[in-house]
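Participant: Since the structure of chain A is provided, determine the placement of chain B on it from the hints.
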Amino acid sequence: MDMNVNPLPYLSESILPREVKFDEQDQALIVLIQTGLPISTTPYADLGEELGMDESEVIERLKRLNRSNIIKRSGVIVRHHELGYRANAMVVWNVSDEIIGKLGLCLGQFDFITLCYHRPRRLPGWPYNLFTMIHGKSRDDVLENIQYLINRYELNEIEHEILFSTRRFKQRGAIYHKLSGELNNRVDKTDG
Amino acid sequence: MHRVNTITEVNGQLNTQQHGLQKLTELEKHLLNDFQHNLPFVSRPFKQIAKQLGSSEAIVIDTLNKLKEQGFVSRVGVVFRANSIGASTLAAMAVPVSELENVAAMISSYSEVNHNYEREHHFNLWFVVTARDEEMLNSVLYDIESRSGHPVMSLPMLEDYHIDLGFDLGVGFERGQESGV
Chain A
1 MDMNVNPLPY LSESILPREV KFDEQDQALI VLIQTGLPIS TTPYADLGEE LGMDESEVIE
61 RLKRLNRSNI IKRSGVIVRH HELGYRANAM VVWNVSDEII GKLGLCLGQF DFITLCYHRP
121 RRLPGWPYNL FTMIHGKSRD DVLENIQYLI NRYELNEIEH EILFSTRRFK QRGAIYHKLS
181 GELNNRVDKT DG
Chain B
1 MHRVNTITEV NGQLNTQQHG LQKLTELEKH LLNDFQHNLP FVSRPFKQIA KQLGSSEAIV
61 IDTLNKLKEQ GFVSRVGVVF RANSIGASTL AAMAVPVSEL ENVAAMISSY SEVNHNYERE
121 HHFNLWFVVT ARDEEMLNSV LYDIESRSGH PVMSLPMLED YHIDLGFDLG VGFERGQESG
181 V
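One line per chain: the protein sequences are A and B, in this order.
Residues in the first sequence are numbered consecutively from 1, following our numbering.
Residues in the second sequence are numbered consecutively from 1, following our numbering.
To be clear, the hints were calculated from the coordinates, so they are not data collected in a lab.
Since no wrong hints were added, every one of them can be taken at face value.
Mimicking DSSO-like on lysine-lysine, the simulated pairs with C-alpha atoms at most 27 angstroms apart in a straight line are:
#, chain 1, residue 1, chain 2, residue 2
1, B, K29, A, K72
2, A, K21, A, K63
3, B, K51, B, K23
4, B, K68, B, K51
5, A, K137, A, K72
6, B, K51, A, K63
7, A, K72, B, K66
8, B, K23, B, K47
9, A, K72, A, K102
10, B, K68, A, K137
11, B, K68, A, K63
12, A, K72, A, K21
13, B, K29, A, K137
14, B, K29, B, K47
15, B, K23, A, K137
16, B, K23, B, K66
17, B, K29, B, K66
18, B, K23, B, K68
19, A, K63, B, K47
20, B, K66, A, K137
21, B, K51, B, K66
22, B, K68, B, K29
23, B, K47, B, K68
24, A, K72, B, K47
25, B, K29, B, K51
26, A, K72, B, K51
27, B, K68, A, K72
28, B, K66, B, K47
Just chain A, with the same shape it has in the complex:
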């Protein structure tokens, strides 16, 4: 593996959230904003109205959540599939513990990789610990991107599998429920 390729310097800083305490108001805001902002002239004021906060407080709280890295991204959230990026594969790699961090940071910088996570192995049936999600317009497009990564980082020797998705049963943003409820009563409709 080519370990001379260094990730960008800023990546050496931790990208994990810093310790942040949420108060009740933060929690209410988080629950409300998960399904998106109102697309209106003053979306933060509209959210504030529902929460009993003024606009500037909503904005300040969001800025704080953003600075503390709890918010990973903010903006227009698109649907890949509807936009013609119909192929997606989860590529899983069995990477030694010594290099997983370095390789993960390298792979995590590519535009066509939308997720890059370290997850536990589950032996004996599941030896893979690095998970990358790769989108493309077609299967060939995705395979080409994977081959590019293999060539670029000399990953031929690294055991991996390509899991193309064949059917999407459900897709939407995560929804955290603040209020508890009976498990069986919380059946919902998908929006994806």
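Facilitator: Chain B in isolation, oriented as in the chain A frame:
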């Protein structure tokens, strides 16, 4: 786009939009491609976006609402980092093909499940479970195991290596093939 429809849409009716991107206006393309990160946290965010695009606030708002109705935009909002405000995991199951649809439908019915895909592998069903805490998360996994009669392999995130700037659709301003390296 020679091989479209690798994914069969189960719930939506959006499959006819095979060349969706080509039909979009320049404004729509820019809104989709160039504003996937750094949403302005200011009183009139869409006015600021409109200014950057040489458009008007009203047009930007109308266009975004339309893109949302058409299913190209899921929402305008924020993505929270996994496990920063609750507990989540990626779960996998090996389900016999004859049972797959029923088991998948059962799993999708949980509000805690936000993604649920069939994938080409012995582990053929993959879903993400998100709950307010670890205890709730485990109870959902346990529930799914006992209702389906198949074991669930839970693979929680240990570390996130991804810098999320959104996804380059190749239709807006130049971003380059790679964002770094």
